[in-house]
Amino acid sequence: MENRLLHIFRNNPFGRETLLQSIYFCNKVGASPVIYIPKTTKFLMYFDNDVVQVDLDKSYLTSPETAIKNATELVEQAGMNARFFDPKHFTASTLPDIHTNFDYMCCPRSISDMSSKIGLGYIGPRVRRIVKAARFPVLITSPAFKPWKSITVFFGGSVNAVKALRLGFHVARSSGMSIDVFTQTGKYSEEDCMNMIKERNLEKEKDLYINEWHFFENNNFEDNLYEVPHDALVILGAYGHGVIKDILFGSKLEKIQSTISNNLLVAGPNYTTIL
Amino acid sequence: MAAIVGNFSGLASVVLNRSLVMMSEWLHHLRHYWWVFLLPAAGAALSSLFLEKVVNEGAGHGVPEVIYSVSRYGGLLRFRSSFSRLISSCLTIGSGGSAGPEAPVVISGAAIGSNIAKYFSLNDRQRVTLVGCGAAGAISSIFNAPIAGMVFAVEVIVGEWKSVNIVPIAIASVAGTEISRLLQGNQITFSHHLFNIDLLNIFACLGLAVLSATASILLTRMLRSMHTVSHKVSAPIWIRAAMGGCAVGIIGLFLPVVLGEGYHTVKILIEGEYGQVLAVVALASFAKIAATALTLGWGGSGGIFAPCLVIGSLIGVTYHHLLALFWPSASWVNEGYYALLGMAGLISGMLQAPLTGIFLIIEITGGWEVILPLIMVSAFTTTLCHYFEPASYYLKDLVEHGHLLRPGTDARVLSDLNVPELIEKDCIIVNQNMLLRDFVTIIKKSHRNYFPVEDEKTGKFLGIIHLDDIRQYLFDPVMYDAVFLGQIMNTKVEVAHPDDDLLDVVRKMDMKGLYSMPVVVNNRFIGLISKATILDQYRKELMVQTSH
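Just so you know, the sequences run in chain order A and B.
Quick note, the first sequence lines up with residues 0 to 274 if you use my numbering.
Quick note, the second sequence lines up with residues 2 to 549 if you use my numbering.
What the hints contain is simulated information worked out from the structure, not anything from laboratory work.
In this text, all values refer to a predicted model and were calculated from it rather than measured experimentally.
Where is the CB? At the ideal position from N, CA and C, for every residue including glycine.
According to the in silico footprint, chain A covers these stretches of chain B (three or more CB under 8 Å from chain A):
{"no.": "1", "stretch": "67-81"}
{"no.": "2", "stretch": "393-404"}
Here are a few chain A residues that sit away from chain B, every Cβ distance over 12 Å (derived from the structure):
{"no.": "3", "residue": "L19"}
{"no.": "4", "residue": "E64"}
{"no.": "5", "residue": "T65"}
{"no.": "6", "residue": "I67"}
{"no.": "7", "residue": "S149"}
{"no.": "8", "residue": "G155"}
{"no.": "9", "residue": "V161"}
{"no.": "10", "residue": "D179"}
{"no.": "11", "residue": "K205"}
{"no.": "12", "residue": "E253"}
{"no.": "13", "residue": "S260"}
Work out the full structure: start from the sequences and follow the hints.
Written as C-alpha cells, this is what we have:
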C-alpha cells in the first residue's frame, strides 16, 4: 500500500515552501501527501501512549478561502493528486483529532511559531513530543524549499541510530540516491560500527546503498558538521528527551538542527522501521 | 498504583475544596457592595481566559472528554487537564458562578491516572482502569463518600462492571477518601437526620420522581440551548462567559441561593430551616436551573453535580409544600426527607446513573433509613428521563456524534479495527481487453468470486467482475470469443478507501447488500475488503476486549 505523509498546510509563502518540501520528499520516496488545512488553532494527535495537543499560531488560518486552491495547485504541479484530511472526530466537541496512521509527517522546526520568527532556532516542544511518540519519522524542513540530491545518515551506534540507518536504506531504495554515513568516533570505533552492521544483517544494504562512511576523530561535533553536503537529506535517530533534559545534558538533534539548514528526517524512539 | 492515583486525585479534590473556601472567605466582605453582581462575570471571564489563553484548553466541565477518551483512545488525556479545570472552576465557582467542583476534580483525577499510566507505559486497558481510579478517588475525596466514588467511576466513566476494574477502583476510592479525612477530618458532608417514614411517604415519592425528572430534562435542555445561543453571539469567549456570569450575578442579587456551589443551601434545606413559602422555593428552583445554564452554557467552568444537589433539594422542598397544601391533614415527613429524595432524583436523572444517585445521597447524609424511597425515586426518575432524553447530559453529545463506544459493543469493536488491516491482497487482477475465454481459464484456478479490472496501460481501476453477475456468459461457450471483460464488468461499483471508518464501510455494505468492496486509492486497486474477513477479525477483537 502507498505511503502517506501528513502535512499541516499554512497558506502563506512560508507554508508554500514547506509544502514544496513535502511534495519533493513524497516524489522521491513514492509517498502521497495528505494535507490538513486547519480550521482551528488547536488539534490533538492521539498516539499509542501519548496525546499531543498541537497549538498553532494564527498564520495557519490565513485566507482559508484560497487554502485548498493553493495547496491543490502545488500538489498537481508535481503530478500528484491532492488529498485533504478532514477530521471526523473531535475531543470536547471542539478539538479535531488527527489520526496518526501515517507513514511520515512534515513539521517546520517549530510547528507553532509565526513565520517571521522562523529560523534555525530550536525544535519546538510539540515537534519533540511528536518525534517521541510517533511510529512514523518526522520530516523537519529547511526554512526555504531546498531540493536534496543525496542522503546523509548520522550513525552514533545507538538503537535509534540503527533505526535511522534502516530508514536511510529505505529512502535510498525509493529515491535511487546513495548514502553518506557520518560517525563521530569515541564511544564506538569504526570496527564496532561494522560489527553492528554485521550483527543486524545489514551488510547487503550497506554495500548497495552506502557511498562513503565518514569517521570523525575531531571531538568538536559542530566543526564536523561542515562536512555534511548542503544539499543532502539528513536522517538521524532521536531519543525523544524533553526540553529540560536536553538543556541539562545536551542534545545531538538540537546541535545538528541548529547548525545545518538541511532537511532533517528524524526517527524517534517509537519509530517502527519499514525495511 | 491505584492507591497512588487515588491519593493524588484525592489531594487534587482537597486543594480545590480548600481554594474554594479561601476564595469565598476572601470575597465575602465584598458581598454588600452594589456591584457585587459583577463578581461572577469577572470570575467566569477570568476562568475562560485562563482556559483559552493560558492553558489552551477547550472549555467545558470535562466529564464527556474523559468518557470520550476512555471510549476511543484508551483513556489518553492531556497532562494539562490534571490542573487546568481545578484553577478555572475555582475562579468560576469562587466568584459566585452556579456550578460544582466535582466534574473538574473528576477530569483532574482522570488525567492524573492517565498520565501515571503513560509514564509507566501501561496498556490501554490498564490505563482506562487508572482513569477510573482517578475519577473514583476524586469523587470519594470531595464528598467523603468512597462507595459513591467507586460506583460513579464504574457506572459513568468506565461503563464496564468487571472485577478487573472494580478492585483497583475500590482501592483508589479508599485512598482518595483517606487523604480527604486526613487533611479535612472525617465529616459527613451534610448533617444526618432521622425520619419516620411510613407507607404514605414512600408512595408520595413517586410524584417527586415526576417533578425531579421534569427538572432534570429542563436543566439538560436549558444547558444545551444556552450553549447554542451563546455561540451565536459574535464576541470572544471570555466576553460571553462574562455575560453569562453577569446574568447570574443579577439573579443572585434577588435570590442568593443560586450563587456558588450551594452546599450551604443544601444543608439548610435538609435541616428543614429554609423557611420560605411555596412560590419562593419554586422560583428558587427555577432560578438555580437558569443560573446553572447561564454559567456553564455561556462559558464558565465547572460541573453539574453540586447544582443538581441544590436544585434537587429545592424541588424536594417545593414538593413537600405542594403535598402540605393539597393534603394538609396527612402526616408528611419533614421537608428534609424530600430534599434528600429530590437530590437523588436530580443526580439520577441528569446522569442517568441511578446507583450513583442512591449511594451518593446515602453517604453524604448518612441516611440509610431512606434507602427504599431513594431507590424508588432514582429508578423512576432515571426511567422517565431516559424516555424523554435517551442519553444523559454527559453522554448526549457523544451519542449524537457516535463517539460513545462502550467496551464489548459493536461500535467499539469496529472502531478498533481499520480498513488497512482487513484488506485482502490475494486478488487476481484482470484487464478490460481480456477475452472471456482467457478469463474462464483464470476462474478455474481461482477461489475468489470477485475480480478487479484495471486499465491495461495506465493501471487505473475500472470496475469489478462478480461471478454471480456474469453467470449467463460463463455457461454460454459461444460468448467466450465474442465478449471482452470491459463489456461485462460492473463500473458503478462502491469502493472503500483505507482512511474510511470501518463502521461506515460496513453500513455501506449493509445498505447495498454487498459482501465485498474494492479498496481504491488514487484510482489504483489496493485490495478487497469482505464481510467474511471483517467477521473473522471482529470475533478476534471481541475476544480480546471481553477477556481479562
